[in-house]
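Sequences listed follow chains A and B, in order. 129 is the number of the first residue of the first sequence in our numbering; add one for each residue after it. 129 is the number of the first residue of the second sequence in our numbering; add one for each residue after it.
I should point out that these hints are in silico values taken from the structure, not numbers from a laboratory. Backbone N, C-alpha and C define an ideal beta-carbon position, used for all residues, glycine too. Fair warning: there could be bad hints in the mix.
[To be verified] One side of the interface only, derived from the structure: several residues of chain A facing chain B at Cβ under 8 Å:
{"hint": "1", "residue": "167"}
{"hint": "2", "residue": "175"}
{"hint": "3", "residue": "177"}
{"hint": "4", "residue": "227"}
{"hint": "5", "residue": "264"}
{"hint": "6", "residue": "277"}
Number of protein chains: 2
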Amino acid sequence: MSLLAGARVDNLAPSLAEYMAENRGFVDEALDRYVPGAHNEPRLLHEAMRYSLFAGGKRLRPILAIASFEIVGDSNYGVMPLAAALECVHTYSLIHDDLPAMDDDDLRRGKPTSHKKYGEAVAILAGDALITLAFEILSSPEFTRMFPHGRVLAVIRDVAQASGSTGLIAGQVWDMWFEGRVADEQAVNRIILNKTGALIRSSLTSGARLAGANLPQLKIFSIYGEKLGMAFQIRDDLLDLEGDTERLGKNVQKDVKRGKATYPSLFGADKARNMIDNLLSEAANAIEPLGKRADTLRLLTEYIGQRMN
Amino acid sequence: MSLLAGARVDNLAPSLAEYMAENRGFVDEALDRYVPGAHNEPRLLHEAMRYSLFAGGKRLRPILAIASFEIVGDSNYGVMPLAAALECVHTYSLIHDDLPAMDDDDLRRGKPTSHKKYGEAVAILAGDALITLAFEILSSPEFTRMFPHGRVLAVIRDVAQASGSTGLIAGQVWDMWFEGRVADEQAVNRIILNKTGALIRSSLTSGARLAGANLPQLKIFSIYGEKLGMAFQIRDDLLDLEGDTERLGKNVQKDVKRGKATYPSLFGADKARNMIDNLLSEAANAIEPLGKRADTLRLLTEYIGQRMN
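So here's chain A without its partners, still in its complex pose (with noise of 0.2 Å):
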């Protein structure tokens, strides 16, 4: 059972590419045990949940999971299940974040999104669903009997605070409230730290809090996390700015046209790409006393900086 499989760091893969599409596989499994089948009642919910999940995201959030979880603990044994429950947080915020009532987006990752295919109600009901869907995996015992129970809800923690009203929900708000107000980097900032920081910095610290990480290694990843959270935004701003809607697989030039706060619509996307070198040097600096054993964040550091979708 790859759920359980145990490959050890030294043995995987040297390119980037490989790591994450076999994790994406071991991720996409997980998802598929964890999320009832369509044909599970009420069908046409979960039917929702699953559109949305296996609709070819990246799987970033829980790729850094299992990255920081295997540099903590010398394998991927036991990860995956916190992989897919931060998936189900993930996917539930795009969800709720396309509805007419905020972003009110019809495109996400090259297909209508959950409101145009299911309808206003569903969608806010599949998001609902998936939100606590995670929290359902992270107390299953096929997961806690495999850690330390305290280790367990300390993850739990991590990530509802991450996911909470002072974490991804404040970034949606600001983020919304901002539209067409005036705004500066701090406000910036803010937005994107938690809009998208805090789940990426959660990703990285729970993974390692699952591994038995201590308060020195937590401090690195959170610090880790928070750089990279904060450029992989504002890439994703840039993306939006500069992209193409095909390759993107979602509408593009929206930020603009709405009066969204972003970096690259503040300041132009020189200084944006400058932004992003920042922090992403800083990301690299944050994870040096971990050594060779955290190669893989430093591919994926690369990665964010370049990224084309």
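Chain A is already provided as a structure; the job is to place chain B on it using the hints.
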């Protein structure tokens, strides 16, 4: 600190009204501790969370959790965070159910619904924040340090399952799906068992679990909760049919107008009253083996059959 107050069951006030009033006070205090104040950023979000939480609910689910905890554990020491978390789940479900895309209600607990007061986006996010906060509370060190960690994880699992895609959310999906459609008794049972029964049952079983209940005890609370929850919902539907807006704090006769599949609207008030009586005597029978210790639940059972709001 009343959050940690160790009132023994045999010291409790004999009257149900006093018992409920006292515990409402404890629950509100716990909620006030756990929900960020309206001066915390984002202020509008926290204000909206508090607006719905402190709109004067009965706190039935918290009180059921406190009662089952006391029956198994002899004191209420440590149960208030669980009670508060259950109220967060319940309030989130009300906010989302009232949304225009769902039941489109504009009055709840005598006040404008969340989306009427704060707009749809903030209402959706306030609901999201409340379900997430429930799991943040249940994994907070102040709570988890008071109990064996395996027990806390079982409580989290219990609440997450009851709230998820095969519990509370399934009930809302079916409730909407059957609007204007032909429903039989089996369909109505399935709606109310999930929409209302699941979280009321979980309030009783999670309280009992937290106090260390054994399997036969859990079985008793599970059957009792299921029957009580279904009776509670039929009583609710009867009040919608016959009650008045002022006393209920919400608009009435909505179910008939909207073609909702409820017991009284499909089978008439008499058969509904009959069904409530049957369910409540099944509930009372279930807790028979608990003896005098379960007297609070007996008073609560009576109250559910007679409540006027």
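Legend entry - Broken hints, by number: 1 and 2
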